[in-house]
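Using the sequences and the hints given, assemble the complete structure.
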Amino acid sequence: MLEFRTQGFNGYNVKYSPFFDSRIAVAASANFGLVGNGRLYILGLTDRGIVPEKWFDTQDSLYDTAWSEAHENQILAASGDGSIKLFDISLDQYPIQSWSEHAREVFSVHWNLITKDTFLSSSWDGTIKIWSPEQPASLTTLPTHSCTYSAQFSPHAPSVLSAVSSDSHLRIFDLRTPASASNHLTLSIPIHAPPKARPGIAPPIGIPPSEALTHDWNKYRDTIIATAGVDRTIRTFDIRMAGHGPVAVLPGHEYAVRRITWSPHLPDVLLSASYDMTCRVWTDGTAMGHGGGTNGEDPMAYGGGKELGRMGRHTEFVTGVDWCLFGAEGWCASCGWDERILVWDVRAVMGQ
1 MLEFRTQGFN GYNVKYSPFF DSRIAVAASA NFGLVGNGRL YILGLTDRGI VPEKWFDTQD
61 SLYDTAWSEA HENQILAASG DGSIKLFDIS LDQYPIQSWS EHAREVFSVH WNLITKDTFL
121 SSSWDGTIKI WSPEQPASLT TLPTHSCTYS AQFSPHAPSV LSAVSSDSHL RIFDLRTPAS
181 ASNHLTLSIP IHAPPKARPG IAPPIGIPPS EALTHDWNKY RDTIIATAGV DRTIRTFDIR
241 MAGHGPVAVL PGHEYAVRRI TWSPHLPDVL LSASYDMTCR VWTDGTAMGH GGGTNGEDPM
301 AYGGGKELGR MGRHTEFVTG VDWCLFGAEG WCASCGWDER ILVWDVRAVM GQ
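Mind the numbering: the sequence shown is residues 1 to 352 in full-length UniProt numbering, read in order.
Among the hints, erroneous ones may be present.
Restraint-style ranges between C-beta atoms, simulated for each label pair [to be verified]:
#1 Arg-5 x Tyr-255: 19 to 29 Å
#2 Arg-221 x Gln-135: 27 to 37 Å
#3 Pro-208 x Ser-182: 21 to 31 Å
#4 Ser-188 x Pro-208: 12 to 22 Å
Computed list of lysine-lysine pairs in DSBU-like fashion (alpha-carbon distance at most 30 Å, straight line) [to be verified]:
#5 Lys-54 x Lys-116
#6 Lys-306 x Lys-219
#7 Lys-219 x Lys-116
Derived from the structure by calculation, the hints contain no laboratory data. Idealized CB from N, CA, C, for every residue including glycine.
Have a look at this one:
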């Protein structure tokens, strides 16, 4: 396990470069992101450990980062002052572009993985915005009418994007549809709605809605999305069968789940980072031949999903986790409010 200290700055998210397996970026904030400056770290993974290659200081907290999919040296930072900044790590401290349309904190940024010429942002102001790095203003604004903590382009369709918000809904937008009154919204899934009753089984009990903080598209199954948040539970949904409720339900975290990410190597495995100071690895059960559905005794027991292991080396909230895209499956990086970046092998904690 490798470790790096972000002295004076608390980590909010970590991302591996899509071009180099030896480079990661960390969005961090002073004073836990409540007030003060931000810092974007560019770190190299070497045989001498984790080495800082560069950092960029900002006047407000940083909550997320996303590498450009088109330029190996360019990277986005999402700021608490409502701005998005694009840096080139081969240049000096100043951003090469900045956008300031959001009215509240920008909490997520995500690059289009397919067309590679657009990115999105989501904000506490209740909007998602689509941008081109070549344009000074946003291309499209999609209202969610609630604080939107996480938004992503689908890795399978360049015009499809998703978001989860404080109103406990997973929303799917398709930019190919007419804007009309729906603003490209094609599906809205209430995350905490009870699944449909089945013949011979008592009606399931509903769960009080709570804020959804994170979600991620499965990299192999183009209709599967995982969500998680304040209620400590990970759920997976098949957007073809949204009305049937979650496909898998994975309880176990003791506090809110701040980040989840599906494996780029295995279709059934995902990682989570939580305020309970752990990162956990899960299977949704599909690799074991479980197709989902309830059993007769527990309406919230789906498929064969379960926890496979956990990493508990952080000493504060864990706020970010990301898989390495290259090499042997299993390497990942995590960050947290303990001012520590850890790079570790998921396989080493499985079964513990």
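### Query
Where does the structure disagree with the numbered hints, that is, which hint numbers, in rising order?
none
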